[in-house]
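Asker: So the sequence lines, in the order shown, correspond to chains A and B.
If you use the working numbering, the first sequence closes out at 325, no skipped numbers anywhere.
If you use the working numbering, the second sequence closes out at 1366, no skipped numbers anywhere.
Hints listed in this document are in silico derivations from the structure and should not be mistaken for laboratory results.
Please note that a few of the clues may not be correct.
Unchecked claim - To give a feel for the contact side, a few chain A residues facing chain B, derived at Cβ under 8 Å:
hint: 1; residue: Asn43
hint: 2; residue: Gly149
hint: 3; residue: Pro171
hint: 4; residue: Thr191
hint: 5; residue: Arg192
hint: 6; residue: Arg195
hint: 7; residue: Ala199
hint: 8; residue: Phe240
hint: 9; residue: Ala245
hint: 10; residue: Gly250
hint: 11; residue: Asn288
What the hints assert, rightly or not - Facing chain A, according to a computed beta carbon distance under 7 Å, are these residues of chain B, among others:
hint: 12; residue: Ala1058
hint: 13; residue: Pro1060
hint: 14; residue: Ala1063
hint: 15; residue: Ile1229
hint: 16; residue: Ala1232
hint: 17; residue: Ala1278
Unchecked claim - Computed beta-carbon distance windows for the label pairs:
hint: 18; chain 1: A; residue 1: Gly165; chain 2: B; residue 2: Pro1346; range: 32 to 38 Å
hint: 19; chain 1: A; residue 1: Ile170; chain 2: B; residue 2: Gly1266; range: 19 to 25 Å
hint: 20; chain 1: B; residue 1: Lys1210; chain 2: A; residue 2: Ala145; range: 47 to 53 Å
hint: 21; chain 1: A; residue 1: Arg216; chain 2: B; residue 2: Ala1285; range: 46 to 52 Å
hint: 22; chain 1: A; residue 1: Gly99; chain 2: B; residue 2: Gly1356; range: 31 to 37 Å
hint: 23; chain 1: B; residue 1: Ala1098; chain 2: A; residue 2: Gly148; range: 22 to 28 Å
C-beta: ideal position from N, C-alpha, C; glycine also.
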Amino acid sequence: MKVVAAMNGGALAQWRKWAPLAVLFALCILISLFNGNFLTIGNFIRLLNLAAIPLVLCMGATFIILMGSIDLSVEGIVALTAVMVSLLVANDISPYAIGLFSVPLAIIAGGAMGLLNGLLHVKLKTPSFMTTLGVGFAGVGIATAILGGETVRISDQTFRFLSLGRFLGIPMAVWIAAAAVAVAYIIQERTRLGRWLYAIGTDEITARHAGIPIERTRILIFAVAGLFYGLGGVLLVAQFGQGHALISQGRLFTTVTAVVVGGTALSGGVGSVLNSVIGVMIVVVLANGLVLMGVEPYVQQGVQGLLIIAAVALALDRSRLEVVK
Amino acid sequence: MTAGKPFSSAVKSPVSRRTLLKGAAGAAAIAAVGRSFPMPAIAQETTWTLANSLRSVANPYHATFAKGGEDFAKTIGAKYETLVTEGNSEKGISDIKALLQRTGGKLIVNVDPNDSPDARVIVEEVKKAGGFVVTQWNKPDDLHPWDFDPNYVAHMSFDGVPTAEAIANALFKAFGGEGGIVALGGILSNVPAIERKLGLDNAIAKTNGKVKLLDFQPADWNEQKAFEITQAWITRFGDEVKGVFAANDGMGMGALEALRQNGLAGKVPVVGIDGIDAAVKAIEAGEFAGTVAWDPLWTGGMGLAIPYAHVTGKIDITKEPKEHREFYGTGIIVTKDTVADYKNNPPKTDFNDLWGKATGQIQYRS
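The following block holds chain A by itself, in its conformation from the complex:
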């Protein structure tokens, strides 16, 4: 990290690294000035709870974006795994009731969809943008076809404990998300896969000359991202107690926004899963805060847009940008 800082010229680079965190703190102070209830333990837990699912999804998306690719299949994979898991636990439509065994199955299904993303993207040499868009549509399509517009209601209370249960006063979903962040951080820092994806994102041609197995890494990273989306689908079903094909609506936008706001560059190679944690918190605190401050509903979207641009502008490292796309 020191080497990078020296290259970018000391203080400014240091500031950029911390900019997302500064934005988050500034937001918290601003909101608490308007509404004292913001800084209560109850609200803090609520914020963590709201952040849990976006965090899990962002862990997968961060890897893809670090690699310089994009993954638009988030909603499709989440919808399909959510529908799958909701039909496998005790419910009012299908006869299966395998309880928590459904969790690894759904995660593996997510991983398989991710693997498909990776294989299509690498083997057919199609841009990740189009490949993942296609796989995403297919996911929502299959989920719709399975249920035909029905909504599955979950009656398995052990399964719902994944979201509603509490340990030390904090919802289980938050603990699970924290574990997901830890796993993602270990992959990023302690495995070859993690180091290679930075190399690919920074300069793929150099990475190839250095003997990094580009194709295998790409395919594996897409599969790993799919595993996280699968877990996201599980948590979503546990949170709402139901599964349907539209359950993941709007997830893609918040996921990509959070990753970018956290300071991970869409061009690849710059950022970290920890940045995405901050990014998710910024997005969640912002949405929560605008309601707390009583901002007019139709001004909210505008404010949200402006603050997101401001956060990205502050965190962006322009020294490495040769072209802006």
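Fit chain B to the given chain A structure using the hints.
Answerer: Below, chain B without anything else, positioned relative to chain A:
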């Protein structure tokens, strides 16, 4: 019958045999359509293709709507198709055009237009091809069935104002009629969203200040958004919130789960609109105070049954009064007291009782 003319003129003037035969064939074909020749009744009836056009079968309302159309088609043994717009106006219109082409205009289509302006294009296309169309929910205010006789058969909708007012009152009753509520609205430019907000405002005004609207936020019909907003409300208002009004059941379910996360499910009543299964079950569990069931089985079937009655000569739609051309259906208020009855006697649809569930002519408020 104007089409008979070429034949009679052909007889009077000296013409070639070929022209004479052509004219005779044309007249015979037209006469056949006009049923002057005896034809088997079944063959006549099944020549019409029936179709419902809707947004997506992934949502419970439209899935049931499609099933209503299918049920009706089965009762008469006709071909039936479901067209899906996926929220894309272009696709909705071009699918209908393609089907008109394929059926040679012998199409009866029941459309929930993706957006109001689409209705005009669809009606014009159907009229041009000689098919018959019924629209649901969305159409421009100045587009009327009677201006496109007989092809634009009817427009059906539900009056959001009185239903929202009734369901708001059910909510007030559930928490004792005094205190603060929060409300989740739909996409603000949608007609049902505007009507339901108006109905809520009316209900609040009639309590003379006993019920206070603490905050109103549009959650765009989205469950997830409703979940997030409700979490923030719990922080902002705490136990000041005595009830949650949601302009549809999906958002109501999102609010309910947010309450559950905070141990408030069943303590703070929620109401919604649409009558989806999950909401009905939540009423039974004492977590929802009520919902309004629209009976999409009825709209999905009746939007085909009325034009079919016209093409089979059972009614002449052009002679029907305006309240049979633009009308509201009946929403059924389901609350804790009525839920058992609603489940035991689900609304029945009699496809021969064409306007039995119509409740008056559509009003234009703006």
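Asker: Does each hint hold? Answer for all of them.
Answerer: Now the hints, each set against the structure:
Taking 8 Å as the C-beta cut-off, the interface hint given for Asn43(A) holds, the closest approach to chain B being about 4 Å. This hint holds: Gly149(A) has a C-beta 3 Å from the nearest C-beta of chain B, less than the 8 Å allowed. Below 8 Å, beta-carbon pairs count as interface contacts, and Pro171(A) has one with chain B at about 7 Å; its hint therefore holds. Among the interface hints, the one on Thr191(A) is violated; its C-beta lies about 33 Å from the nearest C-beta in chain B, farther than the 8 Å criterion.
A cut of 8 Å between beta carbons decides the hint on Arg192(A): the least distance to chain B is about 37 Å, and the hint is violated. Annotation: Arg195(A) was flagged as interfacial toward chain B, and the flag is violated, the nearest CB pair being 35 Å apart, outside 8 Å. For Ala199(A), the shortest C-beta to C-beta distance to chain B is roughly 36 Å, which exceeds 8 Å, and the interface hint is violated. Below 8 Å, beta-carbon pairs count as interface contacts, and Phe240(A) has one with chain B at about 5 Å; its hint therefore holds.
At about 4 Å, the closest approach between the beta carbon of Ala245(A) and any beta carbon in chain B falls short of 8 Å, and the interface hint on this residue holds. At its closest, the beta carbon of Gly250(A) sits 6 Å from a beta carbon of chain B; the interface hint therefore holds under the 8 Å criterion. Checking Asn288(A) against chain B by beta carbon gives a least distance of about 5 Å; that is within 8 Å, so the hint holds. At its closest, the beta carbon of Ala1058(B) sits 4 Å from a beta carbon of chain A; the interface hint therefore holds under the 7 Å criterion.
Annotation: interface hint on Pro1060(B) holds; nearest CB of chain A at approximately 5 Å, less than 7 Å. Evaluation of the Ala1063(B) hint against chain A yields a held restraint, the C-beta minimum of about 3 Å falling below 7 Å. Below 7 Å, beta-carbon pairs count as interface contacts, and Ile1229(B) has one with chain A at about 6 Å; its hint therefore holds. Given the 7 Å rule on beta carbons, the hint for Ala1232(B) holds: about 4 Å separates it from the nearest Cβ of chain A.
A cut of 7 Å between beta carbons decides the hint on Ala1278(B): the least distance to chain A is about 6 Å, and the hint holds. Separation of Gly165(A) from Pro1346(B) is about 36 Å and conforms to the stated range, judged on CB atoms against 32 to 38 Å. Restraint check, Ile170(A) to Gly1266(B): a C-beta distance of roughly 23 Å satisfies the suggested window 19 to 25 Å. Between Lys1210(B) and Ala145(A) the beta carbons are some 49 Å apart, a value that agrees with the proposed interval 47 to 53 Å.
Roughly 51 Å separates the CB atoms of Arg216(A) and Ala1285(B), a value that falls within the hinted 46 to 52 Å. Between Gly99(A) and Gly1356(B) the beta carbon distance is about 47 Å. The supplied range of 31 to 37 Å is therefore violated. Checking the proposed 22 to 28 Å range against Ala1098(B) and Gly148(A) shows it holds: the Cβ atoms sit about 23 Å from each other.
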